[in-house]
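With the hints as extra help, turn the sequences into a complete structure.
So the sequences go chain by chain: Y and S. Note that my numbering numbers the first sequence so that position 207 is 335, with each residue one more than the last. Note that my numbering numbers the second sequence so that position 278 is 406, with each residue one more than the last.
Honestly, I wouldn't trust all of these hints.
Since the list can't tell identical chains apart, any single copy or any two copies may satisfy a pair.
[As the list claims (entries may be wrong)] Straight-line C-alpha distance at most 20 Å; calculated SDA-like pairs for lysine to any residue:
no.	residue 1	residue 2
1	Lys190	Ser140
2	Lys190	Ser143
3	Lys190	Glu144
4	Lys190	Trp451
5	Lys190	Glu141
For the record, the hints were derived by calculation from the structure and aren't laboratory data.
There are 2 protein chains.
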Amino acid sequence: MSVADLPGPLLSELSEGEILARIFPRLPQADLALLGPGDDAAVVTAPDGRFVVTTDTMVEGKDFSLDWSLPDEIGVKAAMSNLADVVAMGARPTALTVALAAPTDTPVAFLEMLADGLRDACSQVAPGCGVVGGDIAASDTLVIAVTAFGDLAGREPLLRSGAQVGDEIAVSGLLGVSGAGLTLLQRHGPQARENFPDAVCWHLAPYPAIGPDMVAELAEAHSAMDISDSLSLDASRMAAASGVTMALDITVVSAMADAVARVSGLSMNEAQRMVLEGGEDHAILATFADGGVPEGFIPLGRVVAAGTHAVTLAGEGIAPAGWNPFAG
Amino acid sequence: MSVADLPGPLLSELSEGEILARIFPRLPQADLALLGPGDDAAVVTAPDGRFVVTTDTMVEGKDFSLDWSLPDEIGVKAAMSNLADVVAMGARPTALTVALAAPTDTPVAFLEMLADGLRDACSQVAPGCGVVGGDIAASDTLVIAVTAFGDLAGREPLLRSGAQVGDEIAVSGLLGVSGAGLTLLQRHGPQARENFPDAVCWHLAPYPAIGPDMVAELAEAHSAMDISDSLSLDASRMAAASGVTMALDITVVSAMADAVARVSGLSMNEAQRMVLEGGEDHAILATFADGGVPEGFIPLGRVVAAGTHAVTLAGEGIAPAGWNPFAG
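Here is the structure:
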């Protein structure tokens, strides 16, 4: 299916008000919205007198492709990358705003389906979280900038600078699957979806384990962050912020690589590179006091005193590598 | 000056971390930020347990032109369009997030200057408001999506639905100047700035009267909204939301047109069209109980019972017209 084939009017054929009237009813409502979309601004409850806020942008041709993604998958991905950042602070997601820049010849049905994806993402991992406002602008390039809000419920925010020597490193889910899905799409195009649906669909519309249980499981964490760029890159950032070295366990990395190879058909060598250097799985990287890793997490190594390398694997330093938006 | 002539490295020549390290120090800090940029998300104080939030996007080639604007002017404009929406709710702006999508061959100096514009805007109209987070993505089209936050300090938000029959209509500043500046740029290109600097600079980098005094002056308003698309269009929206007709005074509109003609050289006929149909002055349209228009506002007419037309001028219905992002 191509975007141009979607039935119904184009953005250029309706007024901004008519466009919004079609999209608003499909968007999830936020339990904490005192005033939703439709005025100059929204008003949202901040129960403990603070709010967590993060923003993440997706650009067509760079962060996603209309040749690969269905419109609702783009909505899911845009929501998840932001919701994961909120959860990685130890907060419950409460609301989103969505700034969309789209070509004037975009079918309104495309935006309706994108709204459906935002709704599906919220209902799956952040029930009660909804869209409280947004903006639509005309642009030659399709850009989706989501800003997400969260409630800490009186807790301190979980920082990437809190890792302590002796902590266990753990991760909330499998790594490398999204990177493997991207690699398959780059090599084989859209038909990769048929051959390796698990990896490709996870790349296009991930559903990471960042639901209400995850916020509870992070209650005792010393540090946490969303792995959006790659394990090696994001672990190196945690290492730098905390002044430690992150010593990763080769056994767990190999087991993850095995799982990635199975769902993607990639070689073990490539699969291990995906685990270490692939992005966009949106698992939570966290550290816990020795013995304190909660059930939903996979132990991945140990925080040690800062050494020559920010990140080691089986005791050897590894070079952080992963997603860089401005590379070449 | 062309963007490509700016000295120093391009976005593609630095890592995301190196880029952010150059930009962050130039951004204004938010007094209410408990945790600023650098982690997965920021944490901001919401003093009365609520926050106001709005988002507005600017796209190169549609909402601004690199042939006309200096980078810091783009920053000013992006900030003001959002700050005005917060103030129009009766709230004090507290924080911004900025999602930027830019071509990889953009000089980092361009973003530094854009950050300077964000800082200048905040320091002029919203001291204490700062940037608490952001994102930089690669894009063929330059897109700036700002999300702004505000504090109501215990007051009820000012809605566009609150206009009451018998209210006086008033506006916080001159209208039509930005539209006139845009018209001059479209007709004469960048040299319009030299001939009519007041109109052109106001269009490129407006400094509307939305400072702390304005929030105080709005305390007794029945309704308010930011005039971003045009007086006729935004007044028609207030009329629809409030179930009233907005009866505008021809004397005031003519006086404004006279002022617009003087700073732009446009004919009185064109200038009056700019007052009614020009956008982006970011004055606040508000209604007050009879006799209650505060000193800083210009009385502009009267709210009357809903009639055939949403907006009238000298008793005659006028067709709302103004900015539509998807027109043509």
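- [ ] If any of the earlier hints don't hold here, list their numbers in rising order.
- [x] none
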